[in-house]
Each structure stands twice: as C-alpha cells, then as structure tokens.
Amino acid sequence: MEEIAKLSQGQTELIHAVDTVWVAICAALIFQMEGGFALLEAGFVRSKNTISIIAKVIIDIIFGGIAFYAIGFGVAYGKSNGFWAFGTGILTGDLGLGLTIPNALFWFMQLGFCVAAISIVSGAMAERMKIWSYALFVMIFCAILYPLAANWVWNPDGWLAKKGFNDFAGSAAVHAMGGFAALAGAIVLGPRLGKYNADGSINPIPGHNLPLAAVGAFILWFGWFGFNPGSTAAAVGKWELIGQVTTNTFLASAMGGISTMIYTQIRHKQVDITMVINGILAGLVAVTAGCNVVSHTSALIIGLIAGVLVDVAVITIDRMKIDDPVGAIAVHGVNGFFGTVAVGLFSTKNGLFTTGSFDGLMVQTLGVAAIAIFSFATSYGILTLLNKIMGIRISRIEEQAGIDHVEYGVEAYSTFE
Amino acid sequence: MEEIAKLSQGQTELIHAVDTVWVAICAALIFQMEGGFALLEAGFVRSKNTISIIAKVIIDIIFGGIAFYAIGFGVAYGKSNGFWAFGTGILTGDLGLGLTIPNALFWFMQLGFCVAAISIVSGAMAERMKIWSYALFVMIFCAILYPLAANWVWNPDGWLAKKGFNDFAGSAAVHAMGGFAALAGAIVLGPRLGKYNADGSINPIPGHNLPLAAVGAFILWFGWFGFNPGSTAAAVGKWELIGQVTTNTFLASAMGGISTMIYTQIRHKQVDITMVINGILAGLVAVTAGCNVVSHTSALIIGLIAGVLVDVAVITIDRMKIDDPVGAIAVHGVNGFFGTVAVGLFSTKNGLFTTGSFDGLMVQTLGVAAIAIFSFATSYGILTLLNKIMGIRISRIEEQAGIDHVEYGVEAYSTFE
Amino acid sequence: MEEIAKLSQGQTELIHAVDTVWVAICAALIFQMEGGFALLEAGFVRSKNTISIIAKVIIDIIFGGIAFYAIGFGVAYGKSNGFWAFGTGILTGDLGLGLTIPNALFWFMQLGFCVAAISIVSGAMAERMKIWSYALFVMIFCAILYPLAANWVWNPDGWLAKKGFNDFAGSAAVHAMGGFAALAGAIVLGPRLGKYNADGSINPIPGHNLPLAAVGAFILWFGWFGFNPGSTAAAVGKWELIGQVTTNTFLASAMGGISTMIYTQIRHKQVDITMVINGILAGLVAVTAGCNVVSHTSALIIGLIAGVLVDVAVITIDRMKIDDPVGAIAVHGVNGFFGTVAVGLFSTKNGLFTTGSFDGLMVQTLGVAAIAIFSFATSYGILTLLNKIMGIRISRIEEQAGIDHVEYGVEAYSTFE
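Protein chains in written order, with my numbering: chain A, 1009 to 1425; chain B, 1009 to 1425; chain C, 1009 to 1425.
Accuracy of the hints is not assured; some may be wrong.
Same chains, same label: a pair holds when it works inside one copy or across any pair of copies.
Claimed, not checked - Result set (DSSO-like, lysine-lysine): computed pairs, CA atoms no more than 30 Å apart in a straight line:
1) Lys-1396 x Lys-1087
2) Lys-1329 x Lys-1396
3) Lys-1396 x Lys-1277
4) Lys-1171 x Lys-1203
5) Lys-1087 x Lys-1277
Hints in this document: simulated from the structure, not taken from any laboratory.
Work out the full structure, taking the sequences as your base and the hints as a guide.
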C-alpha cells in the first residue's frame, strides 16, 4: 500500500506537470499575439504613424502588464462579491478555480487576455492619440476596467459566472470589452484629419504596408491556437475538449474568410483582401465564446455569419463617421457581441436552435450587453475626463507631420540608402 | 486492487493528456508555417503582385481547409481499399491508427500537412494566376488529390504503407506531391511575361523584398520543429524518437545551407543568399521522410546533397523555360523526391548503404515516383481543363499592371506618406 | 506487486514523455529567436547592408550549429576537469545532469543558447565584416569559446558550477559571453565609415526599417518564454518553478521598457522607441540569470535598473567611439553582467539584500567577470589574428557601395515595380 500511495503522489505531480506545460506554452502563444496586433495595426496605418502604433502596443504590454500585476489580477480573481474584488498577494493561495498550475503561470496567461483587450483599443485610436495620455488610459483599463469584466465572467463568484454565462475564451470579456472601449475611444478622439469631407463623403486612407499587416494577421491566427485551446487551463481530463476547441477555432476562421471573400466579390465586384483578413479574425473572435460547447457545423455557421457581419459593420461604422483605422470595432466589438449571443443559439447545452430553450440566449445577451455598455460608458467617461485634464489628441500640425516625427523623432523607414 | 485499477485509469488519462498537449502545440507550429509560405513567396515576387500571392496562401488555408474538412480527411483516413476511401463522420470513431489523441486534433494536424502541400503550388504559379480559378484548383487538390497520396502513405491500409514505405513526415506525400503539382502548374500557366527572351536568354526577375522572404524562411524553419517531431503523433513511448527526429531535422537543414553557400561561392564566385535560404529548406524537405530512421551522420549527408541539388535544379528548371518564381519545384519537388529515395539508402532498417539491402530503395523509389507522376498528371489535367472552361491566366494587360491593382484594387505599399 | 512494477515503469515513461514535450517545444521557441535576432539587426542597419546581416545570422545557425555538433557540445558537456572537456559520442550516454530527456534533444536546446550567443556578436560587427572571415570566427566561437563558458557554468563538474554560481538561463554564459565578444569585435573592426568625425562628434546612423526591428524584438520576447522557463530542462517536479520563472521574466521585461521610456522622456525630452525596445531586451537579459531564485519584486527592480543601464551604456559606448550598430554590447554585455551580479544581491538563497550574506555576490561577480574577460580576450586575439591572416573588414569602396551589392550581388528591396 505504501508503494501505491507513492505512485499516487507521483501521479498528482504528473498532473501538475502536464497541465503546467500545456498552459505555459499556450500562454506564450497568447503573449506573442501582441506582435500580431502591433504589425496588423502598423500595416493598416500610414507610414508616418507606424512607430507610434507599435509604441502603443508596447505600452499595452509594459504599462498594462504592470498595472494588471499590481492591481488588476486581484480585482479579477480575488474573493469577489459578484461584481468586484480586491485581492492582494493572490499569486499564492487558492483562487477557488481548481487550478492544477501555479498561480504565477495562471497570472501570465490572464495577462495575455488583458493586454489583448487593450491592444484592440490601440488600433481604433491610431494616428492621433497622445502617447502619455494613452499610457494612463492603458493603466486604468488594465488595473480596473478589464479586470471587472473578467471578474463577472471568470471569477467563480462573478455574477455572470453564477448565471451560467458561457464565454469560454473571451468573446465578451476580451473582445467585446476591447471593441466597445475602442468605439468610445474613436468617438472621443474624433476622426483623423481629412478622413471625412464637409459634403459627407469619405476619403479612404489605405494602410501603408499590407504585407506587414498580413504578417500580423498570421501571428494572431497562430496565437489563437493558444488562446482558445489554452483556455481549458488544463490538459488532464480535458484532452478531448482541446481537440474540439482547436477544430472549431479553425473552422470558424476559415469560413469567416471564405464568406468575406465571396461577399466582397459579389458586393464590391472585387475581392477585398484587407477585409478577408478581417473576416478571418471576425470568425476567430466570434467562435471564441462558444468553441467549447458548439458542434463543428455550428462553428462553420458562426464563421459564415461573422465574415459578412464584419464587412457590413466596417461600412456602417465608417458611414457613421466613426474613424477606426484598423477595423477594431467591427472585428472585435461587433463580432465579440455576436459570438457571445451565438452561444445562446448554438450551444449543445442550452442553445435555442439546438435545444429549443431560450435560457442560454437570455443570459448570453444580457451578459455581453452588460459588458459592452460598461466598457463603452466607462471608457467614454475616462477618456473625456483625460481629455479635459491633459488632452488626448495631438495637435493639428503634429498630426499632419506624423506622430513618429513629432513624438518619437524618428521615421519608420529611413532613406533606402 | 481497486486502487490499482483507478491508478491505471488515471494513467491512461495522463497518456491522452500528454500526447494531446504534444500534438496540439506541434499542430499549431505546423499551421503557422502558412505565414512562412506567404512571406517567403511574397518576398520573392515583384511588389505589384505581393497582395496576390499572400491572398493565394490565405485561399490555400481557408478553401483548402474547408475542402479537407468536408471531403479530404475522409478520403485520406477513411476505411481504405489501398488506394482511396470515402469516410464520413470520421472525426469520431476509430481510425485504426492507434491514436491516443482526439480525432479532431489529428484532423487539425493533417490539415497543416494538406495546406502545406498546396502552398507549395501557389509559389510556382505566382504573378499570373487568376484568383477564382486558383480557389477552385485548391479545393480539388485538398479534397481529392492530396488526400489520395496521404491515403497511400499514411492510411494503415494504404498500398504504400503496406509495402513498408517510410515517409515519416511527408517528403513524398507533402513535398513531392506539392512540388510536382507546382511543376504542372508552372507548365500549364507558362512563364511570366518578359521572363524568357526570343533568343533563348533568361531575364532574372528578382524578388522585391528579401528581408520579408527571410522572415518567411525563419518561420518555416521554426515550424519544421513541429512538422517533423510532431509526426510521432504521440510523446509517450516516443520521447527518444522525438530527440532523434529533432536533431536530424536541424542537422540536415544546417548542412543544406552550408553546402549551398560553399557551392554557390565556388560556382558563381559569390554567395547567393536567396539560394542559401532554399538550400536550408531543401535540407529540411529531404530529411523529412527519413528523420525517424537515419543516423545523425546520414542526416548531415542528406542535407549536404540537398544543398547542391537545389541549386542545380533551380538552374536546370529555369533553362527548361519553366518559370517558377520562388523555386518551389526545386526545393519541394526535387528534394522531396531525393529525400524519399534517400531513406532507401540511409535507413538503419533497410538502407542500401547501411544494410546492403535493395528492398528499401525499391519501395521508396517506387512510392515517390508513383506520387510524383500522379500529382503531375492529375494537376496537369485539371489545370488544363480549368483553363479551357474558365481560363486560369490573367490577361496580358492585367499582368503588366500587376494583379494587386487589377484583382484586388490595392497596392501592397502605399506612398510612404 | 507485478502490476505495481508495471505501473511504476509506465510512470517513468510518462515522466520522460512530459519532460521531453516541454523541452522540445521550449527548444523550438529558443531556436526561432534567431529569426528575431536577424530582423532586429536588419531593421537597425542601413538598407544597403540588410541582406548581409541576415546572412550573418544564418551563418551563426548553420556554421555555428555544425561546429557545436561536431566539437562544441563535447567541450561543454563531456567529462570536465573543471575548465574544459573533450567529449565524443556524448549524444548517447549519461551526461551526469540527471536528464529525463533524450541527449539529442538536450543538444538541440543547448544549440539554441550557443547560436544566441554568437548572434549577439553579429549585431555589433554589422555593416563592415567580411563574410567568410565571419564564418570562420563563428565556427571557433561555437566549437570552443562558448562551450568553455558553458562548461564552467553548467557542466556539473565546472569550476563555477561547483562554487554555486547561479546562472539559470545564461545572463553570463550566453549574454555576457556574447556581449563581450561583441565588444572585442567592434573594437578590432573599428567604426563604420563616417560614424565618427575628425572633431570627435558623432553621426547617428539610423536603422532603415524600424517596423522590421520591432518584429524582431517581439520574436525575441516570445522566444524568451522558452529560453528561461525551458531552462528547467524538465517539468515534472519543477512545475512551480516554471510559473515563477515565467512571471519573473515578464515582470523584468515590462519594467525594463517602462524605465527606459520614462528615463528617455526625462533625459532626452522624447520617448526613444528604439531604446525602449532595447530596455525591454535589457530587462530580459538581466533577469535571465536569477529568474529561478528571485522574488517577483526583485524581478521588477532588476528590470527597472536594466532599463536605465542600457541607455547609459549605449551612450557611453558610443562616446568611447566603439561603434555597435544595434546596441548589442549594452543590451547583452552590460546587462548580462549586471543581471549575473544581481543574483548576488537579490537571490532568496544567498543575496546580499535578502540574506545579508556576501557569499553569493562574490561568486556571481567573480564568475561573470571571468567569463567577460575570457570572452573579450580570446575574441580579441582571434579576430586580430584572423585580420592579419585573411582580413576581416571589407574595403572602403565596398563599404560605401554596401555589402549586399558587393558580396551578395543583390539588393534587399528591388525597385517597387
């Protein structure tokens, strides 16, 4: 019997090891998505603001990361009253999540979600935001705003978690959260100079380096195979789930791309490759909430819808004169919202189409609406306040010259000597 | 005894978990190789066709992926008569492969191989292929052509598998398959305008962005450490094999690069860095079939030969007036062929040089020849047919203006404002 | 009892599998850092030398890799007399390290460290070094110089290992080793033409493509989450350590970036984004030695100091008229040195600030000083010798025309046709 006890102990140790390996690698994949955000956004802006947008993503990571370490993680995963928490020292101790991995590693993975959410915002505010005001907003967002949403959804005592809200890897908590903050940011900042004419017409401002944007998209796509499957937070006992999540993630992204490609061909008589990239990302965003509870066929349908939705949303947002240089609101906000609701339609547990029950649809819609409104309202308020206190928009002259030159004193591309 | 039974059950669960973690990460690494293909090919073409070639790789993934999901996987891994299968619903159920991972995950990994094969083709057809005809070819290739080769080689009932054909990670089934379809594509399409002069002389058309191509090559190199070691499809019981495969993969790639570098220095009095990149890739392609059964020393020799072979092949193919903008035929076709045959020479099991037996050499040569001929013939036929029905080549005027402008209405690089 | 024995055997097999999966993936992440070095260095040099610097990193991998395979690994991990070893055939057999992974895989991981060290050197010697002389130096460095330092630090019989020197993932053995060889290289080669004026003033030579450099930095950052956590060389029994190392690695990098950003804003009245990238890398380098034995708070402090140190060091080195185009000496040499010493200050085991003991500080300082002096002296000597025998610097005319044109006959960017 002694040997058995020893073996059993060894087995527990093995479970810790396997789950830690799984999450450590997935967390690294999630982390490297920041490189994807940086390049995607850099490729979609003008050359004169390239360094500036890369700097903003770096700020997301370094300021956002420290804010999430010092305050945010405790707000999200401390002992919650359903709405917030204030946890200190929780990198040790039991979080009540049944984790088999070290808290420090769980922190690093959650950090990846947090900085992903704020990196969505940086895109919509590209080409006109002041650097230090942005850093301040990043810290508030990562210390308080995002962690509150995470608290509601993923803290075992969160009010949405208790309602059975299913947001597996964060269509709501990460993408809608980021996307509606992005909407607030784009509105408070106002459009870039020259984007909308007095007569109401729109000047497209094409990205300066589409291959760079494509690199970014590929990096994000790759990272999503850590983002979604890694949200199991364990491999032992969840290996079949990992397979389901991985395949659903791919299927939705591929269908997103296909439906955007066919849709833009029909509607605009031309394939819009920038939009196809957004269609793929939209499929990924939309399936993120439900990849653990929908069938492969449902994942295909979710992607199909997302791919059309993103094109319609981009055009609609532009017509509303909300200037989002990279399409972040359409990709993450609109499709994060849609994807969360879609769980209520397609979930094999309580989806309307699959089980006939309205329960899932109600809680999913309620949850993502709460997060979207919360994110928009708080971000709008804070940015408006920051604008009054210190200003958030660069001057007209600076904008014409380009932020890279004015704030950083460099140019992205030196003369090709 | 009860405890023992429980432990034993726990241990089975652990095996599933470990193997799933291993394959899930390797599959993600394989998937991200698509980013590598996109950038390598983008860097090697002219700026005016950059978006077009990236679009083609995206098409490989999204259209190829759905075709492989809907039809291809069943053709490859359904119950085979030795040559083909027609399996439905096989994402659940036993594939007869002794898998310890979810079928859905195995599917995602095989998808990586399938889209790698078609991505080889896109390179050789760069700068002159119509987008929607290409999408159609991709679907046929990923639904039927590639899966048939995979059936022969990796289905436990495939005719080559039964003969003991050793193609560990696909020098034949992926690389020769893709490379000889690429040859067919380059021939049916014909050379780019202005590539070959009336007097028989050749105009080199340099790639527009070699750093971009280098990024692509590094991504591919990285991904190969998922591609080859991940082909164990399990870690438990195969950990020593993982070490052997990893090291062989590196050694062949390094020797491929060295031999190309020295060879081009001697032959052309100058190091050709584009060719060195191809030499590294050639070493990788060549060792892919046999990395599980050859010694480290043999891996070095295989890389050494591959590095010279690729330079000779590129020049020979160009002299035959077959226009392959990225060298896909030489890298993947020629070296996929060579690497498969090399198993028959160097395998510690039945290699000619190592055991004196001709058996391995016979079956390896037969197998890769069958795949090469099959791939070339079917691709040639289908592309010729598509050409008659809908046309596969863009017009002369469109080609001069660049596909990006004509088919996508964008330019890769906007004015550096 | 028989069943127990079987289970026990199965459990050993599981340990091998888990640890192998962990190290195989981390080793792949470390390997892909080479892509990061290549792009970071490429972005920081002038367009006319872009191909050349990418080629040098490729040479690091292919020539360095084969040298480390044929000779270096045996020098590092053979039976040591405390200072050197000469091991052959050690890819099989017991290395005395208590490894649970295949030696071949351990080799591949160590290769990643070795080529990282030499890739640091390539940066400092950019834009003026002859290619074949460089290849020769790479082989000597990877066959003998680096392996000797690894022997001292990581061989169980190494003289520093026996003194309790703590250099977890190589602040000393990799980064200081590479950084001080880089210093020797920059001195022996002399500055680039036009860098320093006769009147003592300095001409800044800005990098030609900062987005490319940023891609490189993100790749390196990503890879560090293999580099440091993977240095556990096992997951079973070390899962908590993996969490600690991962989080410390992130915290130091983020604080490095923040402190550089604030420091450059105060000192230069402008955020220097190139320097912020270096600050992040400096934080990573500095925490690499001690990430296994310092608290999270100490990691934050180490990063904070590193971020200022790198800016001061870059400026100081430039004022000394030592021309290091990419800042490799400041990032890796200075911060590798600092980080190793910092273990003696912050280690929870024997740090001066944490335990009051001077023992750790003594051995850490001694060890890194020995490595820095050894690296500088031998590299200086060998490069001086190579300069006499075959010349190491390209001619003045070649330098003005650019190495890409002269040595490779290509240009990084062809006319944007």
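Here is what the structure says about each hint:
no.: 1; hint: Lys-1396 x Lys-1087; result: neither (35 Å within a copy, 69 Å between copies)
no.: 2; hint: Lys-1329 x Lys-1396; result: within (23 Å within a copy, 47 Å between copies)
no.: 3; hint: Lys-1396 x Lys-1277; result: between (45 Å within a copy, 23 Å between copies)
no.: 4; hint: Lys-1171 x Lys-1203; result: neither (44 Å within a copy, 66 Å between copies)
no.: 5; hint: Lys-1087 x Lys-1277; result: neither (55 Å within a copy, 43 Å between copies)
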